[in-house]
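**Q** Listed below, chain by chain, are the residues.
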Amino acid sequence: MMMTRRVKPGVVGPRSVRVLTASIWCLAMIAHAEPGAALDAPRVLASGQVVPRNEAVQKAAQQVDEGDFEDAIRTVEKGIEQPDLTDDQLAELYRLMGLSHLYLGNEDKARDAFEKLLQARPDYELPRSAPPKIRALYARIKDDIRKRRVRPVTLTVTPVTEAAGDAAVVVEASIDDMALGAKAKLFYRRAGAQSFSSIDFARGKVRSEYSATVPAFEVPAEEQSYEVEYFVEVADAAQRRLAGRGDPYNPLTFRVAAKKSAAAPVAEATPIYKSPWLWIGLGLGAAAATTGIVLLATGNQTATLPVKIQIEGQP
Amino acid sequence: MKRALLCFALVASACGPETQGPTFPIELFVSAGLNDQLSAFQVSLVKNGSALDCVAVQKSCIKDQVDAARFVKLKDAAGKEVQSLNFPLSLSAGSPSTQDVSLRELPLGKDFALVIEAVSKDATPKLSGSSCNYLKELTAGANPAVFAKIELLNPPAACDPRH
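Read top to bottom, the protein sequences are chains A and B. Per the numbering used here, the first sequence starts with residue 1, numbered consecutively. Per the numbering used here, the second sequence starts with residue 1, numbered consecutively.
Simulated from the structure, these hints should not be mistaken for lab results. Every residue, glycine too, gets a C-beta built ideally from N, C-alpha and C. Heads up, some of the hints might be wrong.
Distance condition first, Cα-Cα at most 16 Å in a straight line; then the derived EDC-like pairs of lysine to aspartate or glutamate [said to hold, decoys possible]:
1) B:Lys73 x A:Asp200
2) B:Lys73 x A:Asp166
3) B:Lys110 x A:Asp200
4) A:Lys133 x A:Asp166
5) B:Lys121 x B:Asp36
Sample of chain B residues at the chain A side, in silico, Cβ under 7 Å [stated by the list, open to error]:
6) Pro25
7) Ile26
8) Leu28
9) Phe29
10) Lys47
11) Asn48
12) Gln65
13) Asp67
14) Ala69
15) Pro88
16) Ser90
17) Asp100
18) Ser102
19) Lys110
20) Leu114
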């Protein structure tokens, strides 16, 4: 059912239409009203989370406040195309889109928008002041979404097979159709260790490219090489696994190479001092030593932990 | 020759550390009940901190609660590798009192728990109190200050927090 495009109290028309439009506008205002939602301030969600300012978010919110639901939808559709949106801004745009469709009676489209919102905020609820009819409709949508299967996420992990010790290990992954609010995590442990450590994947310059870095101190070079077990998991805000490569019981592995031992002595056919390798080696050694000395002289490896201790009752 | 020496002296005078190492300030609030029985504090950094239940951790010695492999190896100022950094209470005059503790090579990374344990004066030291803070990240720059509060453990723990 499509309702009037612009619904404001005071619109001239037949009495029944005026009453209907005024009622819808009031419902929209009640349902949308949230603390701190002033347009010149960052928006505050029902969860208390502050949404950073964004022109599209503010404009769409104003349009919803004024009952311009179709304009609000257009603003949201344009706003979603912006490349630098944060997850919070995106969630807020979907919330406004869901509300607009809800008030226009487009249940299917409202469901699509709320599905995306609920991926980011599974516990999102309409304000308590929302009219029972709207709340019932939202509850039905939420229930439907819960029963449906989660959207598949495509995850491709570039396997790591070997790593040099004492150096950070970067695991790269390509993730398409990443759900809003979902996170990709790398879990890793030294083979035989009891528990996995985890690190979040960070998005690269290309939207679908992600990487996670195992710090160098976690993969020290040792006398013997050893294996590190790892797996990658993409989970949504409700911690549902959307995609994964490996799992705790069948992890992927890479080997950390052993420390390099001293080079074996070379059989000498000619006097050692005539070997060009000796002089190249000496040259490289001198250069490395100089670099090391400079680094030691200029680097400051010591961290300071200034501890301020305040004992209760003492000045 | 004089010019060469002058140049060398100028270059040498410009050498030396110019960047400050990483800092990781800790502000520790100790409850009055602990004042008489404190001998030292013990600082531990535990990997995968978000998996720790910080409330449960504070009831007993951390070394008895997590696998030894989860402790980040720390290097004290002398370069000695330790599982936890122990520093005797030695307060300077002033309000609040301060104490500088040095670490070599602050371990960088994400998802740690910082556990500070108050060690009692007993002949066999016991855990007098403990604090637990989740650290999202430790960087090579100036890390934000951590506010930790240690209260007298009630009921007292019988464990010795030292490794």
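**Q** Work down the list of hints and note, for each, if the structure agrees.
**A** Comparing the hints with the structure gives:
1. B:Lys73 x A:Asp200: violated (22 Å)
2. B:Lys73 x A:Asp166: holds (14 Å)
3. B:Lys110 x A:Asp200: holds (9 Å)
4. A:Lys133 x A:Asp166: Outside the cut-off at roughly 62 Å; violated.
5. B:Lys121 x B:Asp36: Holds, at about 9 Å.
6. Pro25: holds (5 Å)
7. Ile26: Result: holds, 5 Å to nearest chain A Cβ.
8. Leu28: holds (5 Å)
9. Phe29: Holds: closest Cβ of chain A sits about 5 Å from B:Phe29, inside 7 Å.
10. Lys47: Holds. Min distance 5 Å.
11. Asn48: holds (5 Å)
12. Gln65: violated (12 Å)
13. Asp67: Hint on B:Asp67: holds, closest Cβ of chain A at ~5 Å, below 7 Å.
14. Ala69: holds (5 Å)
15. Pro88: Nearest chain A Cβ about 12 Å off; hint violated.
16. Ser90: Hint violated; B:Ser90 Cβ to chain A Cβ min 10 Å, cut 7 Å.
17. Asp100: holds (5 Å)
18. Ser102: With a closest approach of 6 Å, the B:Ser102 hint holds.
19. Lys110: holds (6 Å)
20. Leu114: Hint violated; B:Leu114 Cβ to chain A Cβ min 10 Å, cut 7 Å.
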